[in-house]
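Student: The listed protein sequences derive, respectively, from chains A and B. The first sequence: position 61 = 61 (the working numbering), numbered continuously. Just so we're on the same page, the working numbering is the position in the second sequence counted from 1, plus 108.
Hints in this document: simulated from the structure, not taken from any laboratory. Please read these numbers as outputs of a predicted model, since none were measured by experiment. It is possible that some hints are incorrect.
[To be verified] Derived pair list, reagent style SDA-like, types lysine to any residue, alpha-carbon separation capped at 25 Å:
no., chain 1, residue 1, chain 2, residue 2
1, B, LYS295, A, ALA37
2, B, LYS131, B, LYS298
3, B, LYS295, A, GLY17
4, B, LYS160, B, THR199
5, B, LYS305, A, GLN83
6, B, LYS298, A, GLU40
7, B, LYS294, A, GLY77
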Amino acid sequence: MQISDVQSALELEIISGTPETTISGGYTSDLLSDVMAHAEEGDVLITIQAHNNTVAVASHVESPAIIICNDRPIAEGMIEAAQEHDIAIFRTSLNQFEVSGRLHALLE
Amino acid sequence: MNTLPISTDDSPAFLTELVYRLKIKDAMTTELITAGRDDPLRHIQQLMKQHKITGVPIVEGARLLGILSMDDIIRALDEGTINEPAGEHMTRQMILLEDDMPLSFGISSMDKYRFGRFPVLNKEKQLVGIITSRDILIALLVEFNREAERREEDVPEKATEGSFRREYTVRKFDFEQAGKPTGEIKKKLKETGLHPKLIRRIAVASYEIEMNQVVHSEGGTLAVRLTPDQVEIIAIDNGPGIPDVEQALEEGYSTANEWVRSLGFGAGMGLPNARRVSDDFEISSGTHGTSVRCRFKLPKGDDDANQ
Chain A
1 MQISDVQSAL
11 ELEIISGTPE
21 TTISGGYTSD
31 LLSDVMAHAE
41 EGDVLITIQA
51 HNNTVAVASH
61 VESPAIIICN
71 DRPIAEGMIE
81 AAQEHDIAIF
91 RTSLNQFEVS
101 GRLHALLE
Chain B
109 MNTLPISTDD
119 SPAFLTELVY
129 RLKIKDAMTT
139 ELITAGRDDP
149 LRHIQQLMKQ
159 HKITGVPIVE
169 GARLLGILSM
179 DDIIRALDEG
189 TINEPAGEHM
199 TRQMILLEDD
209 MPLSFGISSM
219 DKYRFGRFPV
229 LNKEKQLVGI
239 ITSRDILIAL
249 LVEFNREAER
259 REEDVPEKAT
269 EGSFRREYTV
279 RKFDFEQAGK
289 PTGEIKKKLK
299 ETGLHPKLIR
309 RIAVASYEIE
319 MNQVVHSEGG
329 TLAVRLTPDQ
339 VEIIAIDNGP
349 GIPDVEQALE
359 EGYSTANEWV
369 RSLGFGAGMG
379 LPNARRVSDD
389 FEISSGTHGT
399 SVRCRFKLPK
409 GDDDANQ
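Same shape as in the complex, but just chain B:
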């Protein structure tokens, strides 16, 4: 079943990696419009019209019984059965997807079965979402955009003297390596002869957002970029994203677990600290990941008072 409409041999590695890395649950819709088996087809037709959808799962609690599509409604109108209960006309033979499956399963199923939508179940066989080709398209676009952003960053600086960019990998819960990327960044900046106080501010921001990746994310990258007028620390992670960014920026707000706290982290000071020491601070977050940018202005000419 799992054949993709693209060749996994010649396609760019990023594309194949992406459709396996992203899970069905990263793309599916979780706000479900459902109906019960006793609801008349007329009611379902109205649901479809109201919510501009073409399929409605028929459920009993979280258990999926069947699905009713626009085709079923058209047939019912044709046959004069539009006032009969959904349970008698729904499709019971369904292709189901599981939320933890890679997105590639969704793509190959779309390609193979030509259904407009697939119900998604969790491990407990409960209905948790529905996925359409539109959902898949959006998830891929968002991810491509992030990758394009990353690659643009990678374009070497136009040979301006002294400019550079370095990127380091940060892994989830890797407390052994944690702090090393920031250590490297600091060392590199020291070589450029920046003011020690400025380097210290940069190191504080860098270490805080690095630890955030270690503690809260699925891992990601930490990069430093030096240009003639600024230093930028850029952290991009692979999810799961911050549900409420405003709240995360409040001092004292933390979602860290007990053992992370026992190590002296997770006091809800990380992002506020990073923001406080930065001249310019930018954060954006979605289910696919979070990106943080901390910028530090460099003193102009011989102005050495940048602190």
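So that you can see chain A by itself, here it is in the shape it has in the complex:
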């Protein structure tokens, strides 16, 4: 599934865009070490951790996009880091459970 399809289906706010990429799954966690350990290449990262270290982690696990839940404020430096690593950032008022459920259904 293309990243733009996910964005429009879930009506996500675009914080930082990227060229079109394919996503294959998702991983939901606010623990970055847990993400490091278990997220897979191509997974969208669903989290409330809205700072540049999240981008670093996403980059290391080859995750193409981050969805920030609960409309959490984006920390300074995160967008810059995302542009540098070509990682998309979206934001939504939905919580992690809702985003995970909807994304899972989309990917079925």
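Chain A is fixed; fit chain B onto it per the hints.
Tutor: Showing chain B alone in chain A's frame:
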């Protein structure tokens, strides 16, 4: 008072930097053998014999009253006062050191006063340790050994094609720069055409131990070394060391504070993660610092199945 027995102008920068960077508390002995002012000198003589020491601080709680040396005991034996209380014969005029002073103070005091030992107090004027020239010698040796280890690593690889080594500085609590060294390492490895899955494993280990340096250490270095048969990630920090390494390797064990946890770190998964993805994992830790080595075997020839 603070003159060193070496020239700070012509000595190697490392040496001068070292005696200022190391603190008295990094070298001092904290397991103290003390006595009270009412203890007879005979008792102190026995303490000295039993513990093979030549000086005993006389204390009241954590407050230092004076010190009794082997010389005082010899004099007491000579004068027949060996059964009298310590308080009456102890030396009250002492040169004291503070635990936060640089080690250079200890060295210059040893050089100037010729005492065998100096009591060490903390900011609250409590006795927290004692330092001897032996303690200083050991602390310096350990630190020299670490530096020698570091420099050996720095020796350029014998021009094997494709081999390289890069080192990056990691700073304490620098969450802004955190992850950049690992990013650089990853980029560098990508250029060499290693298998993406292998690079990912290396990046996970590298990032975890880098974050450990950011969160738990006084800062240090993160290095990558590529040789024909392996990739090595080497993290060496400047302390304060891990009290119980076995425990730190257990999943879920963490000493991270609240705000580090709020950033999504400090869940006690860092070292276990790094160990899990590595083919070979080595860690050693002391009060002077921790070093971690994660090694990854490279596939031989056209064997591309290394995952």
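Student: Hints first: check each against the structure and report whether it holds.
Tutor: Here is how each hint holds up against the structure:
1. LYS295(B) x ALA37(A): holds (20 Å)
2. LYS131(B) x LYS298(B): Since the Cα atoms of LYS131(B) and LYS298(B) sit roughly 42 Å apart, the hinted pair is violated (cutoff 25 Å).
3. LYS295(B) x GLY17(A): holds (22 Å)
4. LYS160(B) x THR199(B): Judged against 25 Å, a Cα distance of about 20 Å means the pair holds.
5. LYS305(B) x GLN83(A): holds (23 Å)
6. LYS298(B) x GLU40(A): The hint holds at about 18 Å.
7. LYS294(B) x GLY77(A): holds (21 Å)
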